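Going down the list, the protein sequences come from chains A and B. Residue 376 in the working numbering sits at position 182 of the first sequence; the count goes up by one each step and never skips. Residue 332 in the working numbering sits at position 138 of the second sequence; the count goes up by one each step and never skips.
Source of the hints: derived by calculation from the structure; they are not laboratory data. This one's a predicted model, so the numbers in the text were calculated from it and none came from an experiment. It is possible that some hints are incorrect.
Just so you know, same-sequence chains aren't split out, so a pair can sit in one copy or run between any two.
List of simulated lysine-lysine pairs, DSBU-like, C-alpha gap at most 35 Å [unchecked claim]:
id	residue 1	residue 2
1	K246	K294
2	K320	K295
3	K323	K482
4	K283	K482
5	K283	K486
6	K294	K482
7	K227	K283
8	K216	K460
9	K252	K420
10	K252	K486
11	K246	K486
12	K320	K511
13	K460	K283
14	K482	K196
15	K295	K486
16	K227	K252
17	K420	K460
18	K486	K511
19	K321	K511
Now for the letters of each chain:
2 protein chains.
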Amino acid sequence: MKEVVAGIDIGGTNTVYGLVEKTGNIVAEGRFKTADYPEIDDFVTVLVSSIKSLMETKPGIKLVGIGIGAPNANYHRGTIELAPNLAWKGIVPMAEYVRKKIDVPVAITNDAKAAAIGEMLFGGAKKMKNFIILTLGTGLGSGIVVNGEVLYGHTGFAGELGHTTVVPGGRDCGCGRQGCFETYGSASGLVRTVLNLLSEMREESTLRDIPSSQLTSRQIVEAAAKNDPIALEALDYTAEMIAFGIANAVGFSSPEAIFLFGGLAKAGEVLFAPIREYVNQMVMPIFKGTVKIMPSAISENNAGVLGAAALAWNELK
Amino acid sequence: MKEVVAGIDIGGTNTVYGLVEKTGNIVAEGRFKTADYPEIDDFVTVLVSSIKSLMETKPGIKLVGIGIGAPNANYHRGTIELAPNLAWKGIVPMAEYVRKKIDVPVAITNDAKAAAIGEMLFGGAKKMKNFIILTLGTGLGSGIVVNGEVLYGHTGFAGELGHTTVVPGGRDCGCGRQGCFETYGSASGLVRTVLNLLSEMREESTLRDIPSSQLTSRQIVEAAAKNDPIALEALDYTAEMIAFGIANAVGFSSPEAIFLFGGLAKAGEVLFAPIREYVNQMVMPIFKGTVKIMPSAISENNAGVLGAAALAWNELK
């Protein structure tokens with residue numbers, strides 16, 4: 195019998211699940227729309243039956259554990275708590291609900307922490323004991339690994355770098371505060387920076403022809419590739435702000451590497467090169483040259499499932 | 195035979211050493227002037243003979259380990275590296291030098307990390323797995339404990355919160371950069387804040403009669419106790435800056451408690467009360483009420499020896 199775990203990535207739009215070997219090989223995969231099941235009981239029933247059906251398509255495999263990545267998940271309590279983009283309100287004891295229906299160990303953690311474990315088991319951090327992954331999407335998530343373990347802290351919510359303050363009194367954040375790293379360093383932060391520069395700068399730019407509600411980080415990166423002055427300036431400023439957050443994180447946990455993941459990380463060297471330069475300027479002398487800054491080695495298509503599966507395998511160690 | 199370790203606190207002025215039981219009881223203590231021995235060989239010879247002499251005054255004890263706290267100490271390498279306030283230049287393999295003369299396990303770490311271990315073994319953090327100690331003296335040191343272990347990171351230099359940036363482009367720091375937490379949140383930061391307020395404010399103040407080169411944080415705290423408006427404003431601003439550093443640290447490692455230690459921490463509630471209030475305003479909602487902010491439970495007189503001894507006992511676990 196070939197041992198697999200189920201990796202489940204619960205997102206606001208889709209729930210993606212896969213059967214994953216210890217090597218990171220995805221044996222089979224499936225998905226359904228999360229919002230089709232606004233009742234948690236229905237969701238769990240469909241999730242478990244989907245996994246069981248998937249198992250039946252692959253004879254000779256044995257399920258040994260389940261890992262779940264979800265927004266606002268609390269690893270210590272096995273819960274999803276007050277997730278704004280999910281229909282289930284309050285505190286959902288998701289790990290317990292799933293375990294009641296399949297008798298294997300079930301663990302849950304938030305997306306960025308799952309991504310960190312994925313990077314450690316299957317990605318670019320295989321031999322690293324100290325690293326950080328930043329997920330640069332609509333928000334800015336982070337997973338911090340110290341001494342080979344994900345940092346959860348006293349509450350289970352450690353690693354909220356996206357909501358550390360980089361500009362006191364700065365941009366309004368969805369968390370109700372101002373100047374959070376997320377409002378500058380994420381894909382949506384880049385869009386906000388362009389909007390600001392459209393007011394500050396007088397240069398021509400194709401970005402002026404796009405309604406602000408439709409402007410995306412991808413359009414900005416594409417414009418930068420065509421030397422659009424506002425796009426270039428916005429990327430440089432974003433790189434500087436990401437570097438600022440990284441430099442302070444380096445002072446805190448002195449990681450061997452920072453992995454960047456998600457929409458904005460796809461910008462490539464136009465973002466990575468200035469980030470590296472700014473970080474080297476900003477860190478204390480003793481940290482210069484001690485931290486690699488690189489893209490995640492996990493493909494974004496599989497990252498959710500692989501991260502959740504890595505969580506499960508890591509628990510079984 | 196009663197087992198003890200030697201705790202050695204190497205400072206720019208004095209080297210203090212003591213024999214310490216596992217309970218934290220200091221059996222005997224001694225000291226000499228660090229600067230009397232500018233040659234490292236002489237220093238080690240005197241240090242070791244001092245410890246042996248001290249042992250002889252207490253029959254029936256057995257030395258099982260040595261812990262050393264020193265500025266710029268690297269735990270991983272057992273070295274003191276480029277310490278600006280010590281006479282020995284370059285990289286000093288202190289742990290190895292001492293071990294050559296006394297055949298017991300020798301560990302070395304920097305002062306603030308030793309203070310963290312001291313707090314964990316003998317102080318207010320006895321049952322805590324996640325906490326941070328900030329040493330608010332001339333500089334601002336920090337020791338971070340996560341999952342019950344001191345955070346060293348990839349380089350051994352993790353936990354440099356004093357040199358994370360709180361005000362980009364702000365006050366010049368001894369590290370060569372600007373706006374470090376240390377330049378606002380330490381005892382010398384408080385003095386700098388008063389100097390700034392003397393220029394900004396027009397209120398009468400006894401602090402105007404003290405040459406700036408002689409102004410101390412103690413004088414400022416005393417003036418605040420007499421309702422001196424500049425001293426009060428300076429303490430409030432310092433509390434806000436310390437709270438800012440704490441709030442960002444909470445987002446990083448979600449500690450159960452922050453311990454404040456050193457000259458400035460002696461200010462008491464005039465500093466602690468506003469720090470607690472500002473932290474509660476500044477942290478993300480999920481962290482509100484999750485972190486205690488309190489004075490170190492270790493007396494400053496013994497802290498150096500106890501921290502170093504705690505390091506030694508912790509290694510023997």
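Hints, one by one, checked against the model:
no.	hint	in the structure
1	K246 to K294	within (14 Å within a copy, 63 Å between copies)
2	K320 to K295	within (33 Å within a copy, 40 Å between copies)
3	K323 to K482	both (19 Å within a copy, 30 Å between copies)
4	K283 to K482	between (46 Å within a copy, 21 Å between copies)
5	K283 to K486	between (40 Å within a copy, 29 Å between copies)
6	K294 to K482	between (50 Å within a copy, 33 Å between copies)
7	K227 to K283	within (18 Å within a copy, 64 Å between copies)
8	K216 to K460	within (27 Å within a copy, 54 Å between copies)
9	K252 to K420	neither (48 Å within a copy, 79 Å between copies)
10	K252 to K486	neither (40 Å within a copy, 52 Å between copies)
11	K246 to K486	neither (41 Å within a copy, 46 Å between copies)
12	K320 to K511	both (15 Å within a copy, 29 Å between copies)
13	K460 to K283	within (33 Å within a copy, 46 Å between copies)
14	K482 to K196	neither (45 Å within a copy, 46 Å between copies)
15	K295 to K486	neither (43 Å within a copy, 40 Å between copies)
16	K227 to K252	within (23 Å within a copy, 74 Å between copies)
17	K420 to K460	within (16 Å within a copy, 59 Å between copies)
18	K486 to K511	both (28 Å within a copy, 34 Å between copies)
19	K321 to K511	both (16 Å within a copy, 26 Å between copies)
Checked against the numbered hints above, the structure breaks hints 9, 10, 11, 14, 15 and satisfies the rest.
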